[in-house]
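A.B. asks: If you want the building blocks of each chain, they are given just below.
Number of protein chains: 2
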Amino acid sequence: MAESKSKSNPNPADAPKAVVGRLSLYLRELQHLVRDGHETISSTRLGKILGFSDAQVRKDLAYFGQFGYPGIGYRCHELIHAIKQIFGTDRQWPVAIIGTGNLGRALVGYKGFDNQGFKIVAAFDIDPAKVGGAIEEAPIHHLDDLERIVQEKQIKLAIIAVPASAAQSVADRLGASGIDGILNFAPVTVTAPPNASMVGVDLAIEMEQLTFDVVKRSGEKK
Amino acid sequence: MAESKSKSNPNPADAPKAVVGRLSLYLRELQHLVRDGHETISSTRLGKILGFSDAQVRKDLAYFGQFGYPGIGYRCHELIHAIKQIFGTDRQWPVAIIGTGNLGRALVGYKGFDNQGFKIVAAFDIDPAKVGGAIEEAPIHHLDDLERIVQEKQIKLAIIAVPASAAQSVADRLGASGIDGILNFAPVTVTAPPNASMVGVDLAIEMEQLTFDVVKRSGEKK
Numbered sequence: 019m020a021e022s023k024s025k026s027n028p029n030p031a032d033a034p035k036a037v038v039g040r041l042s043l044y045l046r047e048l049q050h051l052v053r054d055g056h057e058t059i060s061s062t063r064l065g066k067i068l069g070f071s072d073a074q075v076r077k078d079l080a081y082f083g084q085f086g087y088p089g090i091g092y093r094c095h096e097l098i099h100a101i102k103q104i105f106g107t108d109r110q111w112p113v114a115i116i117g118t119g120n121l122g123r124a125l126v127g128y129k130g131f132d133n134q135g136f137k138i139v140a141a142f143d144i145d146p147a148k149v150g151g152a153i154e155e156a157p158i159h160h161l162d163d164l165e166r167i168v169q170e171k172q173i174k175l176a177i178i179a180v181p182a183s184a185a186q187s188v189a190d191r192l193g194a195s196g197i198d199g200i201l202n203f204a205p206v207t208v209t210a211p212p213n214a215s216m217v218g219v220d221l222a223i224e225m226e227q228l229t230f231d232v233v234k235r236s237g238e239k240k
Numbered sequence: 019m020a021e022s023k024s025k026s027n028p029n030p031a032d033a034p035k036a037v038v039g040r041l042s043l044y045l046r047e048l049q050h051l052v053r054d055g056h057e058t059i060s061s062t063r064l065g066k067i068l069g070f071s072d073a074q075v076r077k078d079l080a081y082f083g084q085f086g087y088p089g090i091g092y093r094c095h096e097l098i099h100a101i102k103q104i105f106g107t108d109r110q111w112p113v114a115i116i117g118t119g120n121l122g123r124a125l126v127g128y129k130g131f132d133n134q135g136f137k138i139v140a141a142f143d144i145d146p147a148k149v150g151g152a153i154e155e156a157p158i159h160h161l162d163d164l165e166r167i168v169q170e171k172q173i174k175l176a177i178i179a180v181p182a183s184a185a186q187s188v189a190d191r192l193g194a195s196g197i198d199g200i201l202n203f204a205p206v207t208v209t210a211p212p213n214a215s216m217v218g219v220d221l222a223i224e225m226e227q228l229t230f231d232v233v234k235r236s237g238e239k240k
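So the protein sequences, as listed, match chains D and R.
Letter 111 of the first sequence, counting from 1, is numbered 129 in this note's numbering, and no numbers are missing.
Letter 113 of the second sequence, counting from 1, is numbered 131 in this note's numbering, and no numbers are missing.
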């Protein structure tokens, strides 16, 4: 049950993608635990809740530092703070959204962003009927004003919620305007501009994970 | 470069979640390759494109069967078909969406679902002003008609796109109406009804993966 003291010189930059993905799951579960009144958790218990081994939990976290206490486990608040520092979400990130169709509007209102430190402060569109309006508290600007607003509001992250056919040109404009990170919802492969990171969201992947499970269960029932 | 002949008795049900997740990535990349005119691909090349080792690719696929040909690699069309069979997406799945706010409307129009075998055939709401209408080709029914429509249209999958406060009760109703798989977009923990699988979509996780990368890159620049 004692948490590991391994890796004296951890290097977060060495962490594989899968580890960083699990780090989000640890964070979310720790936030649930705190909400339910828990102050500490062992790697065994944390792993069990998420379906990982305790060794996996300890090995993943060891990329980022030494967080466990022998005989205690992890202190939830402390580990939450540490993980948020690793993600850079211990501070709030102003975010721009490009495209104010149903998806753009839904994302501006998405509570899951607010809760984790992402605040959509500006929306962009090219439709004159929409420019000048607002979605919740985010004003809708013309895409031509992207560079100016990005600089004024110190925006580093942007979400692409435009039709597939416009996604690459929007990504290029975002790169040129100094955006560091792009989340792409358009169901099309987009090349990241130089100096920007990009994550593509493919919602069909989540559906495939679901049907895999459904097919597996129906096979077991037979 | 020869593809492995390992695992004579693969069992898909043994595949860990992470493997099933990567299977979606393989499928999507193979679909891109075919679109670009490629007929075959080696595990080395497929892994390289996605940032995995060739051993990883072969080990993952070995859970599901033996797909490689010595000296050739994988035949793209054949492997696409095999993976779609594994996911059950070699046929079309009719899907119900619950909640016709911005998110629900966006998801009905999401091209990424259509492309991969998911067709939203019915939407549900409790707002009398919306019931009787339609989003694209999906009629909007009252939630009280859920069970009847699910049976009539043989719907096995449903997407929850309602406010967080209503998510659990909607999940319970979905379970009771015979739905096998639920994709939950509400930013709240929902317990799956008995006999149904559930996948929760947490869009903030994608943002965290992005900021991790952005923070790492800005550290490297210093």
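Keep in mind that a hint or two might mislead.
Unchecked claim - Quick list of in silico lysine to aspartate or glutamate cross-link-like pairs, EDC-like style, CA-CA up to 20 angstroms:
{"id": "1", "chain 1": "D", "residue 1": "LYS137", "chain 2": "R", "residue 2": "ASP231"}
{"id": "2", "chain 1": "R", "residue 1": "LYS35", "chain 2": "D", "residue 2": "ASP108"}
{"id": "3", "chain 1": "D", "residue 1": "LYS102", "chain 2": "R", "residue 2": "GLU224"}
{"id": "4", "chain 1": "R", "residue 1": "LYS129", "chain 2": "R", "residue 2": "ASP162"}
{"id": "5", "chain 1": "R", "residue 1": "LYS35", "chain 2": "D", "residue 2": "GLU170"}
What the hints assert, rightly or not - Some chain D residues flagged as far from chain R (calculated, every beta-carbon gap over 12 angstroms):
{"id": "6", "residue": "ALA33"}
{"id": "7", "residue": "ALA80"}
{"id": "8", "residue": "LEU121"}
{"id": "9", "residue": "GLY122"}
{"id": "10", "residue": "ILE158"}
{"id": "11", "residue": "LEU161"}
{"id": "12", "residue": "ASP162"}
{"id": "13", "residue": "SER187"}
{"id": "14", "residue": "ASN202"}
{"id": "15", "residue": "ALA204"}
{"id": "16", "residue": "THR207"}
{"id": "17", "residue": "VAL232"}
As the list claims (entries may be wrong) - Computed footprint of chain D on chain R; a stretch qualifies when at least three of its residues, placed anywhere within it, have a C-beta under 8 angstroms from a C-beta of chain D:
{"id": "18", "stretch": "37 to 45"}
{"id": "19", "stretch": "100 to 106"}
{"id": "20", "stretch": "119 to 129"}
{"id": "21", "stretch": "156 to 169"}
Keep in mind the hints are simulated off the structure, nothing from the lab.
Beta carbons are placed, not taken as given, at the ideal position from N, Cα and C, and that holds for glycine.
A.B. asks: So, for every hint listed, does it hold in this structure?
C.D. replies: Hint check:
A hinted pair counts as satisfied when its Cα atoms are at most 20 angstroms apart, and LYS137/D with ASP231/R qualifies at roughly 18 angstroms. Under the criterion of a C-alpha separation no larger than 20 angstroms, the hint pairing LYS35/R with ASP108/D is inconsistent with the structure, at around 29 angstroms. For a cut-off of 20 angstroms, the pair hint linking LYS102/D to GLU224/R stands: about 14 angstroms separates their Cα positions. Our distance criterion of 20 angstroms between C-alpha atoms is broken by LYS129/R and ASP162/R, whose separation comes to about 28 angstroms.
As the CA atoms of LYS35/R and GLU170/D are separated by approximately 43 angstroms, the hinted pair breaks the 20 angstroms bound. For ALA33/D, the condition that its CB be more than 12 angstroms from all CB atoms of chain R is violated, with the nearest at approximately 8 angstroms. The non-interface label for ALA80/D is consistent with chain R: the shortest C-beta to C-beta separation is roughly 16 angstroms, beyond 12 angstroms. Remark: the non-interface label on LEU121/D conflicts with the geometry, its nearest Cβ contact in chain R lying 4 angstroms away (cut-off 12 angstroms).
Once the 12 angstroms rule is applied to beta carbons, GLY122/D is inconsistent with being away from chain R; the minimum gap is 8 angstroms. The beta carbon of ILE158/D is kept farther than 12 angstroms from every beta carbon of chain R, the shortest such distance being approximately 14 angstroms. The beta carbon of LEU161/D is kept farther than 12 angstroms from every beta carbon of chain R, the shortest such distance being approximately 19 angstroms. Every beta carbon of chain R lies more than 12 angstroms from that of ASP162/D, the smallest distance being close to 25 angstroms; the non-interface claim holds.
For SER187/D, the requirement that its beta carbon stay farther than 12 angstroms from each beta carbon of chain R is met, with the minimum near 18 angstroms. At roughly 10 angstroms from the closest C-beta of chain R, the C-beta of ASN202/D falls inside 12 angstroms, breaking its exclusion from the interface. With a least beta-carbon separation of about 9 angstroms from chain R, ALA204/D fails to lie farther than 12 angstroms from that chain, contradicting its non-interface assignment. Non-interface call for THR207/D relative to chain R: violated, since the shortest CB-CB distance, roughly 6 angstroms, does not exceed 12 angstroms.
With a closest Cβ-Cβ approach of about 4 angstroms to chain R, VAL232/D is found to fall inside the 12 angstroms limit, against its non-interface label. With 6 residues bearing a CB less than 8 angstroms from a CB of chain D, the stretch 37 to 45 of chain R meets the requirement of three and the coverage assertion stands. Restraint check on the stretch 100 to 106 of chain R versus chain D: 3 residues with Cβ-Cβ distances below 8 angstroms, three needed, restraint holds. A count of 9 residues in the stretch 119 to 129 of chain R with a Cβ less than 8 angstroms from any Cβ of chain D is obtained; the coverage claim is therefore met, three being the minimum.
Under the rule that three or more residues need a Cβ within less than 8 angstroms of chain D, the assignment of the stretch 156 to 169 of chain R is violated, with 0 such residues.
Hints 2, 4, 5, 6, 8, 9, 14, 15, 16, 17 and 21, counting from the list given before, are not met by this structure.
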